[in-house]
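K.L.:
Below are the chains, spelled out letter by letter.
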Amino acid sequence: MRGAWTLTTVRLKLLVRNRSAIFFALIFPIVFLFIYGFLFAKGNPSVVRFLMGPVVVLTILGSGFWGVGLQLVFFREKNILRRFRPAPVGAGPLLLSGLLANWVVQIVVVGLEFAIARAVFGIPWPAQPLELFLVGSMGLFAFAGIGLLVASVTNTMQETQVLCNLLWFAFMFLSGATAPLAQLPETIRHVALFLPSFYLVYAMQQILFTGAGLSAMIPEMTALVITGLTAYLLGLKLFRWDQQMKLSMREKAWALPALVPFLVLGVWANLFSQRIDQALALYKSVWPR
Amino acid sequence: MPESPVIEVEELRKSYGSVEAVCGISFQIARGEVFGLLGPNGAGKTTTIEILEGLRSRDGGRVSVCGLDPDLQARELKERLGIQLQQTALPEKITVAEALDLFGSFYQRRVPNKDLLDWFGLADKRRSFYESLSGGQQQRLALALALVNDPEVVMFDEPTAGLDPQSRREIYKLIARLHEQRRTVLLTTHYIEEAEQLCDRVAIIDRGKVIGEGTPRQMIQRSEQSSRIEFVPRSPVALERLEELDCADDVRAHNGSYTIRSRQAPRTLMALMRLLIAEGNEVVEVHLEKPSLEDVFIEFTGRSLRD
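Heads up: the protein sequence lines correspond to chains A and B, in order. Counting in my numbering, the first sequence runs from 1 upward without gaps. Counting in my numbering, the second sequence runs from 290 upward without gaps.
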């Protein structure tokens with residue numbers, strides 16, 4: 001992993017120097033916090049606290065897809081990865097540095113979101129910051145891993161944009177990360193149980209409201225970590241230094257194993273868990289009638 | 290060759306699907322030599338150099354670089370090689386010094402930034418972003434990055450492609466300096482003057498095969514091409530007398546100037562001088578044009594380098 005740390009610090013410097021990256025990594029999520037806080041929660045501190053889960057998911061999902069995934073494709077298309085190819089640094093440190101730089105930035109942004117939510121809407125500080133930090137980090141790892149995997153299986157920037165948008169819309173609108181699960185049709189609620197974003201929203205809301213510990217969320221955390229790890233390893237396998245190196249459909253099929261953890265979790269949650277009931281109960285206790 | 294070879298290539302083969310890009314190439318490069326792979330686009334130069342760099346696997350043949358097999362010991366080899374690939378870039382907002390620090394961090398051995406910045410004339414640009422550098426400066430930075438690990442063997446793939454003449458001359462000076470430092474340099478090019486000026490030896494590659502190898506001078510001597518002697522005498526000379534000159538192949542006259550083609554130009558020139566003195570004539574102007582490597586290339590391949 002020699003060079004991974006230097007690469008991470010360079011990536012952080014590049015991000016700070018890029019106005020468009022600062023807007024999308026920092027300003028954009030905070031704008032969404034205000035939209036959720038003023039429009040959806042109407043300034044009600046309890047509802048804002050309930051919506052912090054969706055706001056955080058929106059923040060780290062965007063960073064994973066657009067920040068980590070799209071940047072990899074950009075570097076490949078601009079022949080920047082090609083410059084690294086002759087050096088004794090493998091794809092591992094390059095991908096890892098993308099994940100680490102994203103993690104550092106997003107931890108700061110999410111911390112800032114909680115600080116702003118407290119200052120503007122008066123929500124209390126989270127009682128279990130360590131649990132939130134750990135679950136948030138696992139979510140960051142999983143979503144950034146998916147972003148990397150998308151970048152690894154697509155051959156062009158256009159293809160990446162299409163796939164990222166499709167996944168982003170599914171993850172945001174079918175999981176309770178925009179409209180709460182209780183406001184979605186019954187069928188969609190069952191679909192949500194197959195989406196990683198549902199589990200991250202669920203875990204954050206349970207930690208913020210019920211004081212649930214990590215032990216209550218072992219399936220969710222396991223699925224997030226396994227997804228992140230599988231996506232990272234498959235991203236490594238499918239990594240390409242050069243835009244001339246295209247993947248065939250058969251090679252792209254290597255990405256499918258990354259879906260397995262949430263397929264298994266979705267089946268388990270639909271058959272044996274009370275996740276939907278618990279999410280609905282929390283909604284009823286918080287959301288004004 | 291003066292010393293034992295640092296690079297040995299024997300019957301190298303590589304295909305892409307049904308297309309055979311490299312068909313049994315062999316050559317050796319000695320320590321401290323500047324060796325050029327010369328050929329038109331698509332001749333197999335880049336494939337060959339990328340196989341030597343360990344970036345592409347081979348289908349057949351034997352390759353040894355610094356005593357290592359690039360297919361099996363690519364990582365170890367990368368520590369000892371300096372490589373500049375065609376068409377690479379850096380992030381727009383990285384500074385020159387940061388790029389040197391970053392790439393230096395990948396190697397066990399590294400040259401101090403100050404030395405590289407001074408050497409490549411980038412000292413006053415150390416804090417400049419990559420996007421603000423000119424094409425020539427970007428290319429000098431690419432070469433500096435290739436030397437960040439103080440490599441014993443350097444491989445440049447079309448190092449001056451797309452550069453203006455002034456930037457190209459700057460790169461020539463840098464490569465000449467590598468030669469003075471007794472580093473082994475392998476470069477690919479399709480610029481004849483680059484090969485003639487920089488290389489101790491060249492191999493002409495066409496359609497995946499080596500079709501000629503030697504020093505530029507040997508290649509020219511070996512060729513069937515003749516030199517051209519063009520002169521203007523004070524008084525007219527009879528063409529028949531010129532045709533009788535030693536080794537004169539073809540003689541033409543045009544507006545008071547004469548052109549003689551010869552495969553032994555020094556002998557023909559001496560004979561010409563004797564003839565003019567004997568006739569009480571004088572030379573007002575004389576030019577000698579030797580066959581170039583480009584002429585040799587066209588003779589060997591039947592087409593121009595830029596075809």
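In case anyone wonders, no lab produced these hints; they're calculated from the structure. These numbers come from a predicted model, not from an experiment. Be aware that one or more of the hints could be misleading.
[As the list claims (entries may be wrong)] Each computed SDA-like pair below joins lysine to any residue, with the alpha-carbon atoms no more than 20 Å apart:
#1 A:Lys42 - A:Gln183
#2 A:Lys13 - B:Ser307
#3 A:Lys237 - B:Asp360
#4 A:Lys237 - A:Met221
#5 B:Lys382 - A:Phe24
#6 B:Lys579 - B:Lys498
#7 A:Lys78 - B:Ser307
#8 B:Lys382 - A:Gln158
#9 A:Lys13 - B:Ser421
#10 B:Lys382 - A:Ile226
#11 A:Lys246 - A:Gln158
#12 A:Lys78 - B:Lys382
#13 B:Lys414 - B:Gly425
#14 B:Lys462 - B:Ser421
#15 A:Lys78 - A:Gln183
#16 A:Lys78 - B:Thr384
#17 B:Lys382 - B:Gly393
#18 A:Lys13 - B:Arg416
#19 B:Lys498 - B:Val308
#20 A:Lys78 - B:Lys462
#21 A:Lys13 - B:Ala450
#22 A:Lys237 - A:Gly92
#23 B:Lys382 - A:Lys42
#24 A:Lys78 - B:Ala450
#25 A:Lys237 - A:Phe24
#26 A:Lys246 - B:Gly410
#27 A:Lys13 - A:Phe74
#28 A:Lys13 - B:Gly410
#29 B:Lys382 - A:Pro219
#30 A:Lys13 - B:Ser417
#31 A:Lys13 - B:Tyr419
#32 B:Lys382 - A:Gln183
#33 A:Lys237 - B:Val400
K.L.:
Now look at each hint and say whether the structure bears it out.
P.N.:
Hint-by-hint comparison with the structure:
1. A:Lys42 - A:Gln183: holds, 17 Å
2. A:Lys13 - B:Ser307: violated, 46 Å
3. A:Lys237 - B:Asp360: holds, 18 Å
4. A:Lys237 - A:Met221: Distance of about 24 Å is beyond 20 Å: violated.
5. B:Lys382 - A:Phe24: Answer holds: Lys382 of chain B to Phe24 of chain A is near 17 Å, not above 20 Å.
6. B:Lys579 - B:Lys498: violated, 27 Å
7. A:Lys78 - B:Ser307: Judged against 20 Å, a Cα distance of about 29 Å means the pair is violated.
8. B:Lys382 - A:Gln158: It is violated: about 24 Å lies between the C-alpha atoms, which goes past 20 Å.
9. A:Lys13 - B:Ser421: This hinted pair holds, its Cα atoms lying about 17 Å apart.
10. B:Lys382 - A:Ile226: The hint is violated at about 35 Å.
11. A:Lys246 - A:Gln158: Cα-Cα ~14 Å, so holds.
12. A:Lys78 - B:Lys382: holds, 14 Å
13. B:Lys414 - B:Gly425: With a Cα-Cα distance of about 13 Å, the restraint between Lys414 of chain B and Gly425 of chain B holds, given a limit of 20 Å.
14. B:Lys462 - B:Ser421: violated, 23 Å
15. A:Lys78 - A:Gln183: violated, 44 Å
16. A:Lys78 - B:Thr384: holds, 17 Å
17. B:Lys382 - B:Gly393: holds, 18 Å
18. A:Lys13 - B:Arg416: Distance of about 13 Å is within 20 Å: holds.
19. B:Lys498 - B:Val308: holds, 13 Å
20. A:Lys78 - B:Lys462: This hinted pair is violated, its Cα atoms lying about 29 Å apart.
21. A:Lys13 - B:Ala450: violated, 31 Å
22. A:Lys237 - A:Gly92: holds, 10 Å
23. B:Lys382 - A:Lys42: violated, 41 Å
24. A:Lys78 - B:Ala450: holds, 18 Å
25. A:Lys237 - A:Phe24: This hinted pair is violated, its Cα atoms lying about 29 Å apart.
26. A:Lys246 - B:Gly410: violated, 38 Å
27. A:Lys13 - A:Phe74: Holds. Lys13 of chain A to Phe74 of chain A sits at ~17 Å (cutoff 20 Å).
28. A:Lys13 - B:Gly410: At roughly 25 Å apart (the allowed maximum being 20 Å), Gly410 of chain B and Lys13 of chain A break the hint.
29. B:Lys382 - A:Pro219: violated, 42 Å
30. A:Lys13 - B:Ser417: holds, 14 Å
31. A:Lys13 - B:Tyr419: holds, 14 Å
32. B:Lys382 - A:Gln183: violated, 45 Å
33. A:Lys237 - B:Val400: Status violated; Cα separation ~33 Å.
Hint compliance for this structure: hints 2, 4, 6, 7, 8, 10, 14, 15, 20, 21, 23, 25, 26, 28, 29, 32 and 33 are not met, and every other hint is.
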